[in-house]
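Protein chains in written order, with the numbering used here: chain Y, 1 to 205; chain P, 1 to 160.
For the record, the hints were derived by calculation from the structure and aren't laboratory data. Hints should not be assumed to be uniformly reliable.
To be verified - Label pairs and their computed distance ranges (CB to CB): (1) E85/Y to S53/P: 36 to 42 Å; (2) P37/Y to D54/P: 28 to 34 Å; (3) D74/Y to G98/P: 24 to 30 Å; (4) K36/P to L34/Y: 55 to 61 Å.
What the hints assert, rightly or not - Far from chain Y by the CB rule (all over 12 Å, computed), these chain P residues: (5) I39; (6) M47; (7) P49; (8) R78; (9) I122; (10) L147.
For each residue, glycine too, the CB sits at the ideal point set by N, CA and C.
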Amino acid sequence: MEKPPLLSREQAAAVREIATIVADQAGNALSRLLKIPVRISTFEVVTIGYSEIPDMFGGLDALAIGVLVPFQGDVEGNALILFPEEGIGELEGILLGSSGQAETDLRLSAFAETGNILTGTLLTVLSSLSEKIVVSLPPLLVQDMAGAILDTIMAEVGLWSDEVTTLVFQLTDSEGTGLVRFVLIPDVAGIELFLEAAGRLRAGH
Amino acid sequence: MSHIIVGIAEFKFAEPPQKLVTYGLGSCVAIVLHSKDAIVGSMAHIMLPVAFSDEDNKTPGKFADTAVTAMVQQMEIRGIGPPQLIAKIAGGADMFAGKFKGTGRRIGARNVLATRKILDNIGIRLVGQDVGGTVGRTVEYVTDTGLLMVRTLRGEVKEL
Numbered sequence: 001m002e003k004p005p006l007l008s009r010e011q012a013a014a015v016r017e018i019a020t021i022v023a024d025q026a027g028n029a030l031s032r033l034l035k036i037p038v039r040i041s042t043f044e045v046v047t048i049g050y051s052e053i054p055d056m057f058g059g060l061d062a063l064a065i066g067v068l069v070p071f072q073g074d075v076e077g078n079a080l081i082l083f084p085e086e087g088i089g090e091l092e093g094i095l096l097g098s099s100g101q102a103e104t105d106l107r108l109s110a111f112a113e114t115g116n117i118l119t120g121t122l123l124t125v126l127s128s129l130s131e132k133i134v135v136s137l138p139p140l141l142v143q144d145m146a147g148a149i150l151d152t153i154m155a156e157v158g159l160w161s162d163e164v165t166t167l168v169f170q171l172t173d174s175e176g177t178g179l180v181r182f183v184l185i186p187d188v189a190g191i192e193l194f195l196e197a198a199g200r201l202r203a204g205h
Numbered sequence: 001m002s003h004i005i006v007g008i009a010e011f012k013f014a015e016p017p018q019k020l021v022t023y024g025l026g027s028c029v030a031i032v033l034h035s036k037d038a039i040v041g042s043m044a045h046i047m048l049p050v051a052f053s054d055e056d057n058k059t060p061g062k063f064a065d066t067a068v069t070a071m072v073q074q075m076e077i078r079g080i081g082p083p084q085l086i087a088k089i090a091g092g093a094d095m096f097a098g099k100f101k102g103t104g105r106r107i108g109a110r111n112v113l114a115t116r117k118i119l120d121n122i123g124i125r126l127v128g129q130d131v132g133g134t135v136g137r138t139v140e141y142v143t144d145t146g147l148l149m150v151r152t153l154r155g156e157v158k159e160l
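Isolated chain Y, as found in the complex (with noise of 0.2 Å):
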């Protein structure tokens, strides 16, 4: 028998629920950083066991770009985005205006920005929500096999739980059209901190 889900069918509605906010205003402030119109959207938030990890990533030795951002202030925590290899093409196209061209310290520099930005939306609005002072500190960035980059992650949750929590979410163009795949794994500090998000929202806060 393992741990019980780390959240519950309605804690994962309410963590849903704050990455509706957080994906419309990254993906405006994406844009500006862009100069093209850009979206992010069709995001679900999905609590998997160890087993199904494999599958979302393309395999644990499969190639990723990690960006992880600590924050502290109030709560101390950390969220990893990860890229997975069948995005990483394309979103250089989009940020470098090439494919794979770019010097690595370029590529991989684009790809913290871009982690900066969205982590640092979602923290402003779970902040704002939560009422809770908090401050991302600069991303940390490795690009190797997928499974090794979630480990760090993973060894947090793990004391907690036999599950992560992940939000997928979809980099899209103007008319919708899917671009670029990425998911954003919270610690546990990082889901305590969307749950009183959530709550105080749902409160009417």
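Following the hints, put chain P in place on chain Y, whose structure we already have.
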């Protein structure tokens, strides 16, 4: 030759001609126990150093201490005791090169330490290891020979 995949927080037993494979180790550690005499072995993909509660014992493959204990029990059922086993380990990386400050900081090193400690306590010789660093690893264990192949995304291959 059949490959058996060992998932996160799992442990599995195999005999020739089977191979055991586990993918994408970061801070996690692959632990292989091999019997030269019986030519069988097992592999675990552990996430954390030690179990905290009885509830954790329900997923023994997740922790170094409970995984090794369960693997040894699995061998003892087949009449193979710790003195007849050798161990090889791989993984335990620090993917963010010391910059990660959360609860899971240095978890890779702690996983390796806990693994060495439980092996030592049980009396199993650790004969090969590729641990630490800042890169992910995929490992494949060949039951026929006891060979452990460690691969990285950069194409590096080590044989233990």
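How the hints compare with the structure:
no., hint, result
1, E85/Y to S53/P: 36 to 42 Å, "holds (37 Å)"
2, P37/Y to D54/P: 28 to 34 Å, "violated (55 Å)"
3, D74/Y to G98/P: 24 to 30 Å, "holds (26 Å)"
4, K36/P to L34/Y: 55 to 61 Å, "holds (59 Å)"
5, I39, "holds (27 Å)"
6, M47, "violated (5 Å)"
7, P49, "violated (10 Å)"
8, R78, "holds (26 Å)"
9, I122, "holds (23 Å)"
10, L147, "holds (19 Å)"
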